[in-house]
Amino acid sequence: MDKLRQKFIEEASEHIRDIEQSLLTLESNPDNHELIEKIFRSLHTLKGSGAMFGFEKISEFTHELETIYDLIRNNKLILGKEVFDLTLACADHLKILISDEKKDNAEINEEYRNLLEKIHEVYSGESMPGKPSANQKDKKTADTGSDLSTYYIYFKPNADIFDNGTNPLFLIDELTSLGHFMAIPYLQDIPEIETIEPYRCYTHWEVIFATSESSDTLNEIFLFVEDNCVLDIQKLANGNLVDNKKFVKRIEKLKETGKDIGIDALKIISEDLEQSVASKVKKALGDEFRTSFRDYTISSIRVASEKLDHLMNLVSELVTTQARLSLYSENDSSSELTAISENIQKLSRQLRDLAFEIVLVPIDTLITRFQRLVRDLSKELGKEVSFIAKGTETELDKTIIENLTDPLMHIIRNCIDHGIETTEERLKKGKPEQGTILLNAYHSSTNVHIEISDDGKGIDAEKVRKKAVAKGLITEDNYLTEKQIYELLFLPGFSTAEHVTDVSGRGVGMDVVKQKITNIRGEIEIESSKNAGTKLTLKVPLTLSIIDGLLVRVEDIFYLIPLSAVEKIYAINHEDIDGKFNNLIVLGGERIPYFYLRKEFNLEADNNINDQVIVIKYETQKVGLVVDEVIGEYQAVLKPLGRHYKNQEIISAATILGDGTIALVIDVNRAVNHFANIITHMEEKI
Amino acid sequence: MTKTILFVDDSESIREIVNFTLQNEGYNVLVSDNGKNALSLLDGKDINLIITDLHMPEMNGIELIKEVRKMPHYQRTPILFLTTESQVAKKMEAKEAGATGWIVKPFVPAKLISAITKVIR
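Chains Y and F supply the protein sequences, listed in that same order.
The numbering used here numbers the first residue of the first sequence as 1 and each following residue consecutively.
The numbering used here numbers the first residue of the second sequence as 1 and each following residue consecutively.
Errors might be hidden in some of the hints.
Unchecked claim - Selected chain F positions facing chain Y (Cβ under 7 angstroms, derived; list incomplete):
hint, residue
1, Ser13
2, Ile14
3, Glu16
4, Ile17
5, Lys45
6, His73
7, Arg76
8, Thr77
9, Pro78
10, Ile79
11, Gly98
12, Pro106
13, Val108
14, Arg121
Said to hold, decoys possible - Derived Cβ-Cβ restraints for the label pairs, each shown as a range:
hint, chain 1, residue 1, chain 2, residue 2, range
15, Y, Thr392, F, Gln23, 19 to 27 angstroms
16, Y, Asp227, F, Gln23, 26 to 34 angstroms
17, F, Leu41, Y, Ile344, 31 to 39 angstroms
18, Y, Asn32, F, Leu41, 33 to 41 angstroms
19, Y, Glu271, F, Ile113, 19 to 27 angstroms
20, Y, Asp227, F, Leu41, 45 to 53 angstroms
21, Y, Asn29, F, Ile113, 41 to 49 angstroms
22, Y, Glu271, F, Gln23, 35 to 43 angstroms
23, F, Ile113, Y, Thr537, 54 to 62 angstroms
Simulated from the structure, these hints should not be mistaken for lab results.
By construction, the Cβ of each residue, glycine as well, lies at the ideal position given by its N, Cα and C atoms.
Extracted from the complex, chain Y is given alone in its bound form (with noise of 0.2 angstroms):
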């Protein structure tokens, strides 16, 4: 049951943000029918599912919205500030119902009847009676009576009842249950057995029935067959003339006859018997006609993420394995196995790049977020600004979107915060009164870069500079350009923000930014004019799971340096790195700090090898990695490493080779930044 309760939660989360983003984009274009649907449509199947798995009050919320969009679809009530910023708040609360609507919180209790205050408000300042159901509900308690009554019920099914699945009886049996009864059947209609049609129902019956439930309980059990039959259902008499000795002798007598008694006859007998009125019960039947609505279904399955994980798992498993084949073929001189193996490969190839392409999602499913993000924000700030978003069908590996969420709702409240200006401000400096912020996503070779541009008042360089001096992050002669300075922005613990707003400068900052980006493998860049706006750009690897890599040796050990990483690579002689203590060298006229890696991982320096230095990149300068060997360029499939590896800093992932041997991938980054303490932490202790 926890587990369908899951599943419900799973699609309703999915209602409430499809709901969220219709009116996100209806605000800015109201007259969008199909979008007013496709609300209805949502509110209608939270309505048709919650009460079944026990959320109950999602059932009864919705079916209150769901009444307001159906005005508004009909065109009897305009869809108004109102009713987007009372829809939006209710699309939150239902947020919280799904999620906590077990704990009996007096808050949510009271926002909940605020807001269903508020929603019948909206709907009953039209011409529309109130909800049907409430009628009925009043009327229910209002005749059910703790006393018995009796009822007449003359029900006649039409000869072709059973072609529809009806099966009288039942019906009749149904009514048993409900009180004392007495049901009179007739049976003289049925013809001789030669002429007899088996399907066609040629009985009738009337029933005199006591019973405390209400004429519309009564209804209710023939409401299938309302259109197929005569019937007639009418209160006889208060109290019980089933178990009246007098009136069930009169009745029996009558029944001799053969023929229908009526409820005439019946009413003089009971009326004999108790002078009583009884009095007729109208059908309640309050429905209205309600147009049908289309359905939008996509045709996908969900799949839980853990499986699609353990999917690329075992096809980089696969591709591995057949690398092995291959290579084992190869050396073979068996043509049948080369065919075969050149066949798993085409395959595998195949496979993989589908298995890649499942977990592709769109960027289009963050936009949501950001357009919410933007419009409550902007409101709070009082500023105006639009959020528009390009590119939204370029995709991305789920694991690299899941890491940009956090990063881009930062960026985005930075530029709301920060970069759009006041109105008036914006007015002065004759900008229009709207800020605006572009989201624009595109491919670049096998990266995605994703630009955030506003057209707010830029950074001011000189104002950053002042500021890293005044932090110490720079001193008051270093002269760095532009780029540079923007790049401060990125140190950690660094917020331009004159006083700490409550929206950016919570502590978490740029760095944060910069960090979650560079775990992804990604890079950001910032550009800006004063007046004319700042620009972030995210370039941001296409997938993790797969990496172009520089395959190196040290001693008998593989490593892949990441080739995104890599700037140059030189040769050098063993002496110019030998007893050097100050761990630079001179390359291509720079003085680059290295680190050899024998000496990092413990080993003995090797005088008789020719060591080879990869430059990488380390933040905005330059670093050596010293290696006894440079193999070659390799595209590897990583795996993760285990559990008990988890708190080293140095190896990210590793790899299998074609030969089957394991090559381990350095984190450039955090590798530096390991070496680094290692040196500053010797220094110490020096």
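With the hints as your guide, set chain F onto chain Y.
Relative to the frame of chain Y, chain F by itself:
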């Protein structure tokens, strides 16, 4: 004899909860996500009751009901459909197509069972 019910709805969560509820009641349950798939399930089986949603992709509930009624084996098998109190027109359409009755959404398990016992015993 255990009765077999075919439940057709495009919402996976609804299918699962109904499946769970009906199995608890001792019914055999088959589920399907749209009319087309439901039809392929009917063939060669002895299903005692069909419950279907009306709005579904591929083949909607009304079409399904019409198709089922064309199958000699299911000409008089009870068919219930899921609807809301507001869809009177739909109700009539579904009944004309040959449905036996309906279940109003949103429903709770007890309501579902009571509707079922109206048409099969």
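Evaluated hints:
no., hint, result
1, Ser13, "holds (4 angstroms)"
2, Ile14, "holds (5 angstroms)"
3, Glu16, "holds (5 angstroms)"
4, Ile17, "holds (5 angstroms)"
5, Lys45, "violated (16 angstroms)"
6, His73, "violated (13 angstroms)"
7, Arg76, "holds (5 angstroms)"
8, Thr77, "holds (5 angstroms)"
9, Pro78, "holds (4 angstroms)"
10, Ile79, "holds (6 angstroms)"
11, Gly98, "holds (5 angstroms)"
12, Pro106, "holds (4 angstroms)"
13, Val108, "holds (5 angstroms)"
14, Arg121, "holds (6 angstroms)"
15, Y:Thr392 to F:Gln23: 19 to 27 angstroms, "violated (43 angstroms)"
16, Y:Asp227 to F:Gln23: 26 to 34 angstroms, "holds (33 angstroms)"
17, F:Leu41 to Y:Ile344: 31 to 39 angstroms, "holds (38 angstroms)"
18, Y:Asn32 to F:Leu41: 33 to 41 angstroms, "holds (38 angstroms)"
19, Y:Glu271 to F:Ile113: 19 to 27 angstroms, "violated (40 angstroms)"
20, Y:Asp227 to F:Leu41: 45 to 53 angstroms, "violated (29 angstroms)"
21, Y:Asn29 to F:Ile113: 41 to 49 angstroms, "holds (45 angstroms)"
22, Y:Glu271 to F:Gln23: 35 to 43 angstroms, "violated (52 angstroms)"
23, F:Ile113 to Y:Thr537: 54 to 62 angstroms, "holds (60 angstroms)"
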